[in-house]
Amino acid sequence: MNLTLRIWRQKNANTPGEFVTYEAKDVSPDMSFLEMLDVVNEELMRRGEEPIAFDNDCREGICGMCSLMINGVPHGPLPQTATCQLHMRVYKDGDAITIEPWRAAPFPVIKDLIVDRSAFDRIIQSGGYVSVSTGGAPDGNTLPIPKDDADRAFDAAACIGCGACVAACKNASAVLFTSAKISHLALMPQGKVEQDRRVLKMVAQMDEEGFGACTNIGSCEAACPKGITLDNIARMNRLYLKASVKSGLE
Amino acid sequence: MSIKLNSKIPAGPLDDKWTRYRQEMKLVNPANKRKFDVIVVGTGLAGASAAATFGELGYNVKAFCFQDSPRRAHSIAAQGGINAAKNYRNDGDSVYRLFYDTIKGGDFRSREANVYRLAEVSVHIIDQCVAQGVPFAREYGGLLDNRSFGGAQVSRTFYARGQTGQQLLLGAYQALERQIHLGSVKMYPRTEMLDIVLIDGQAKGIIARDLVTGKIEAHSANAVVLATGGYGNVFFLSTNAKGCNVTATYRAFKKGALFANPCYTQIHPTCIPVSGDHQSKLTLMSESLRNDGRVWVPKKLGDNRHPGQIPDDARDYYLERKYPSYGNLAPRDIASRAAKQVCDEGRGVGPGGRGVYLDFSDAINRFGKHKIEERYGNLFEMYERITGENAYEQPMRIYPAVHYTMGGLWVDYELMSNIPGLFVIGEANFSDHGANRLGASALMQGLADGYFVLPQTIAGYFAGQKNGRYPNDHPEFRKAEEEARSRINKLLSIKGKRTVADFHRELGKLMWDDVGMARTEASLKQALKRIPEIRHEFWENVNVPGSASELNTALEYAGRVADFLEFAQLLAYDALEREESCGGHFREEYQTEDGEALRNDEKFSYVAAWEFKGVDQFPELTKEPLVYEEVRMTQRSYK
Amino acid sequence: MAATARSLRASFSGVLMRLWRSSLGKKYVMAVTGLILFAFVVGHLLGNLLIFAGRTQINEYAQVLKSNLPLLWSARLVLLVSVVLHVVAASQLAHTDRRARRIRYSKFHILDSTLANRTLIVSGLVILGFVIFHLAQFTLLVVDRSYATLVDAAGRHDVHRMMIEGFQNPVVSVFYIISVALLSLHLSHGVASSFQSLGARSKKIEWNLKRVSLIVAIVLFAGFASIPVAVLTGLVK
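Chains as they are written, first to last, in the numbering used here: chain R, -16 to 233; chain W, 19 to 657; chain L, 42 to 278.
No lab work stands behind these hints, which were simulated from the structure alone. As the structure is a prediction and not an experimental result, all values here were calculated from the model. For glycine and all other residues, C-beta sits at the position ideal for the given N, C-alpha and C. Careful, some of the hints might be misleading.
As the list claims (entries may be wrong) - Just a sample of chain L residues kept apart from chain R, beta carbon distances all over 12 Å, derived: (1) A51; (2) H85; (3) G88; (4) L106; (5) S123; (6) A135; (7) N210; (8) I218; (9) S267.
To be verified - Each pair of labels, with its calculated beta carbon distance range: (10) L:I144 - W:G482: 29 to 39 Å; (11) R:S114 - W:G482: 30 to 40 Å; (12) R:R30 - L:K245: 52 to 62 Å; (13) R:N(-15) - W:G514: 22 to 32 Å; (14) L:L181 - R:S114: 57 to 67 Å; (15) R:E191 - W:K204: 25 to 35 Å; (16) L:G84 - R:K175: 39 to 49 Å; (17) W:K204 - L:R252: 47 to 57 Å.
Required output: the full structure, derived from the provided sequences and hints.
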């Protein structure tokens, strides 16, 4: 199939960008979306032009490095599928595809389709961990954890930190990402110990990065390649309220 | 003159070596730890856990990764699980048994002392990860669940659905982010190491390129730790991430570090087959699938019927037929070669005939679709996403792919290379898996090295160090910076006709065909003739657009492929020299009548450590003999 | 570290300030004030529907409402503060939200969104304008000063007459109907949304919550709109 691609090109953070149109010829339905871009890039480089820069690494939907706003939807049209796992069989001959970088002030464009997501790392730095150092941990089975709790913690921990939630949100809010980590740790006894501090600090950092507020719409959930749910946001909202009240009373 | 290797294995009985080592090792005064700078390159399981632990201990750490965040490293893709000799299942597991299985799985080509230590610390890894909040699978009673994995006779594999690597990496990543927050670790994401800097023969820093600004910078330290993973991408198509590369370890090799056993490459039997020339990587599906799936191909050549229409008696369940006691759980290399064999016979299935069926219909009938969905739901989904086929209704198609590389930089018991101050951990070193790695042991080794081994052994190096850190404008740094810069400028100035990927694909195909699952003297010699030709053309005809002073993905890739083009030769040399078949190295000339790997313990029971002597020069081989005090070498039989 | 730990423990007013400054806290303010205003709207509707019961009933009700001054003024104060906080918090959040995405997408699908949540700000602004007019007309009585002089047989302020006169003006009625339609739209998102903001929502109850929100919105619209419709069609005289 042949496709028309409208792709955002931007030399660097300080230069304004623009859309450039490319034709992708003889695209196989078995290609992944990124393989399709590889082919376009090969062609560009054969002509001596610079390839389109986009983030990617594992190409199996788990590292969270790939991104791309594809026709107005993060990671493209398939539910719970990262761009690297999106295959071209969802498109048909003659389709036009607009490809843009994630747009959010805390995710500035570095080049073309690559954005800087280090804000997420700083949110984790502010408290997204259990403060235990190596060594001295008790036997793993000293602490029984109900299977349901462990399963729900896992559901939240499955977040790959790709930023699709921010990209999808009308307000560029990072609450789904932040709440997923808060939930993962709050659902396990290991994480409960410093739960209040964690939620207060992580929310403060999230705000400081300049993300918007939650819309309560659920676009993030719909866009999430790992199926992280709004329940996590509700849980964070509860925990933050509780931690705030406690910190004011005690 | 050949280098004298000292593996520094402590004296004493095997089960006492690590304890005694720790009792006797030198320590660094807590007040002095701040004065020691450690550079950690790579932030996968090994690198992130090491960097975090160094930070906790009070060292000054600089950590580097080429991805945008340490959470992306390819450890994240490990699906199956992590082994630990906990014996929670009361099924007869023990440290000794894990040790023995690892040695045996490695086809008696690894060091006893290292492997024993690995088995010993495995139990602490689980405890540590649980304390960090890693959501391991649990039973209804609330205790940790285990499964049997990759041919093990005991259930010692801990797992977190099909995303164990992800959860363990996030645990290590979070520990690392905590140290970044506390200021003990400075993180350099989107930064790639281009060279290592030696002063007076000791590793004293690295040269790195900021991938965003293109700036080349020297970073000085008291020690350098490489945790940069394996070299599977020398085959172009592998299950590795696109960015995985050999540059860091190969640069260290060129600076004098010995590269050990590069020919040991693991082929994973359960990957999704290639769908066309556009293929950029291969996707592995956890081999836990083989617990419930049955592998088969049609008995008849050219039986092109839909799999559902092929009756049972027209199917060849070849693993069950050839290896009755292990059946579909036969070790990775055996299962892989058996698949290649049936495809070579022309009985392969799917486009191109390079595939075999992995059939779940029996398991679905026995346990119900629900149970299979619970066990492998995410894998079935992934399979459908990639192939467009529903594996609940028709068998999966699988084919082997390069997955893991057991070879790596030579290290001693302290995980230090032959260059003082250069430590190598995780997949980047050669130390623990011998000629083949057991399933669910890669995560174990990465975390063992990073959390528990290196943070202890590095203290001994610091305690004995006289010269500290050098300023990063020392002439050696300047020189290395200049070299890195001129290499980049060279790559940019060629302006040839072919793309970097073109060369990489050509190299990969050559390596897969001639230095892949089954090698012969003739194929290796053929490869050794072709590799330099491809490389020479690369340096004359590659086209790398863009400039050095900006984010330039083509340039990054070109530098990595340039190193693969030299490294491939080293791999082939090693494969040619090792005239036996063992583990992940199969030489067709050396096999039993049944087609099994035939080891030659008398001649090849050693670690082949290679020393760089110049590009296109035959590297010099140093042999570290493998002495087995505890175990008796046996020829493995999986019949 | 000790300093940060201490800063997490704050005085009560410090906590309120922190809540106000945080995006989550401001959403709590939106939710709580929204629910207060929602409760008022429900009560207000129930009272207004007394117009169908007859002149005596609604005038009596109006008099009772206004007879307890402390209660009346506390209620008015709560409502006023709620409106102010709701509006200020909304405008501050909108400001942050706009700053969070300075460069817009050329193509953007707001996944899973509804008309209600895409138009919250517009509906909110119209409702605010309407409330001001509505207060001016029926509470402050400054739109038509003659309303103040309307008295029923019992000597009470003739609210019944005032409503009929007010809604007999088609412009006022149409504006009113549009405004309560937008109010219902606003609430169809807002009620369910406040539960989420306060953490009182989960997948399990989501469907019910959304359905209840929608039903409440429809009922509110029908109730409010029935009054001008009844006046214009002469059902209520």
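Verification of the supplied hints:
1. A51: 6 Å, violated
2. H85: 25 Å, holds
3. G88: Correct as stated: the minimum Cβ-Cβ distance to chain R is 30 Å, above 12 Å.
4. L106: Since the minimum Cβ distance to chain R is about 34 Å, L106 of chain L lies beyond 12 Å and the statement holds.
5. S123: 18 Å, holds
6. A135: Given a closest Cβ separation of 9 Å, the condition is violated.
7. N210: At about 37 Å from chain R, N210 of chain L clears the 12 Å cut-off, so the statement holds.
8. I218: 27 Å, holds
9. S267: S267 of chain L is indeed farther than 12 Å from all Cβ atoms of chain R, at 30 Å.
10. L:I144 - W:G482: 29 to 39 Å: 56 Å, violated
11. R:S114 - W:G482: 30 to 40 Å: Since the Cβ atoms of S114 of chain R and G482 of chain W sit about 32 Å apart, the hinted range of 30 to 40 Å holds.
12. R:R30 - L:K245: 52 to 62 Å: 56 Å, holds
13. R:N(-15) - W:G514: 22 to 32 Å: Since N(-15) of chain R and G514 of chain W have Cβ atoms about 29 Å apart, the given range 22 to 32 Å holds.
14. L:L181 - R:S114: 57 to 67 Å: Holds: the Cβ-Cβ distance is about 58 Å, inside 57 to 67 Å.
15. R:E191 - W:K204: 25 to 35 Å: About 20 Å separates the Cβ atoms of E191 of chain R and K204 of chain W, which means 25 to 35 Å is violated.
16. L:G84 - R:K175: 39 to 49 Å: Check passed, 41 Å falls within 39 to 49 Å.
17. W:K204 - L:R252: 47 to 57 Å: This hint holds: roughly 53 Å between Cβ atoms.
The structure fails to meet hints 1, 6, 10 and 15 from the earlier list, while all remaining hints are met.
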